[in-house]
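Asks: Sequence:
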Amino acid sequence: MQNQNYRRIWQTVLQIPSGKVASYGQIADLAGLPGRARLVGKALGYAPEELAVPWYRVLRSDRSLAFTPGSASAEEQRHRLLSEGVLLINYRVQAQYLWQPDLAELLFKLQY
DNA sequence: ACTGTGACTTATG
DNA sequence: TCATAAGCCACAG
Numbered sequence: 001m002q003n004q005n006y007r008r009i010w011q012t013v014l015q016i017p018s019g020k021v022a023s024y025g026q027i028a029d030l031a032g033l034p035g036r037a038r039l040v041g042k043a044l045g046y047a048p049e050e051l052a053v054p055w056y057r058v059l060r061s062d063r064s065l066a067f068t069p070g071s072a073s074a075e076e077q078r079h080r081l082l083s084e085g086v087l088l089i090n091y092r093v094q095a096q097y098l099w100q101p102d103l104a105e106l107l108f109k110l111q112y
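The numbers in our numbering rise by one with no breaks, and the one at position 48 of the first sequence is 48.
Derived by calculation from the structure, the hints in this document are not laboratory data. These numbers come from a predicted model, not from an experiment. Note that beta-carbon positions come from the ideal geometry of N, C-alpha and C, so glycine has one too. One should not assume that every hint holds.
Here are the computed distance ranges between Cβ atoms for each label pair [to be verified]:
{"hint": "1", "residue 1": "Q111", "residue 2": "G70", "range": "22 to 32 Å"}
{"hint": "2", "residue 1": "A66", "residue 2": "Q100", "range": "16 to 26 Å"}
{"hint": "3", "residue 1": "E50", "residue 2": "K109", "range": "32 to 42 Å"}
DSBU-like mimics (lysine-lysine), calculated; alpha carbons at most 30 Å apart, straight line [to be verified]:
{"hint": "4", "residue 1": "K42", "residue 2": "K20"}
{"hint": "5", "residue 1": "K42", "residue 2": "K109"}
{"hint": "6", "residue 1": "K20", "residue 2": "K109"}
Make the full structure from the sequences, and use the hints.
Replies: Right, here's the structure in full:
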C-alpha cells in the first residue's frame with residue numbers, strides 16, 4: 001500500500017468538499033490516472049484510517065452507489081451523505097451535488 | 001503466462 | 001430508465 005498511485009488517489013478524494021460527490025472515473029482522471037476507475041475503488045478500500053479520506057463522496061458515473069443496495073456499506077454511505085445534506089433518491093444523488101473543481105486550483109493543491 | 005474478479009465506464013437497443 | 005455487452009486495468013492464484 002505504499003503505492004504512489006494510491007497516495008495520489010487519496011489526496012484527490014481529500015479535495016472533494018463536504019456536500020459534493022465525484023465519480024470513480026472523475027477521480028481517476030483528476031489524479032492523473034485516466035482509465036483506471038477500478039483502481040480508485042481499490043485504493044479507497046486500502047485508505048488508512050488516520051487519513052480520514054471521505055470515501056463516501058465517491059460513487060458511480062451514473063450517480064448511484066457502488067455497493068449493493070441494503071448492504072452495511074451502502075447504508076453507511078447513505079447516512080454519511082445525508083449528514084452532509086446529500087439526499088439519495090433510489091440510491092442516486094441529484095446532479096446538483098456533483099463536484100466541479102477549478103482545475104488550476106486543484107492542480108496547485110495536489111502539487112503534481 | 002493464463003484466468004478470473006472487481007467500491008468502473010461507455011455504447012447500444 | 002433498464003439490461004446487456006464489451007472495454008478496461010490491477011491483482012491474486
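Asks: Run every hint past the structure and note whether it holds.
Replies: Each hint tested on the structure:
no. : hint                   : result
1   : Q111 / G70: 22 to 32 Å : 40 Å, violated
2   : A66 / Q100: 16 to 26 Å : 21 Å, holds
3   : E50 / K109: 32 to 42 Å : 20 Å, violated
4   : K42 / K20              : 21 Å, holds
5   : K42 / K109             : 23 Å, holds
6   : K20 / K109             : 18 Å, holds
Violated hints, listed in ascending order, are 1 and 3; each of the other numbered hints is respected by the structure.
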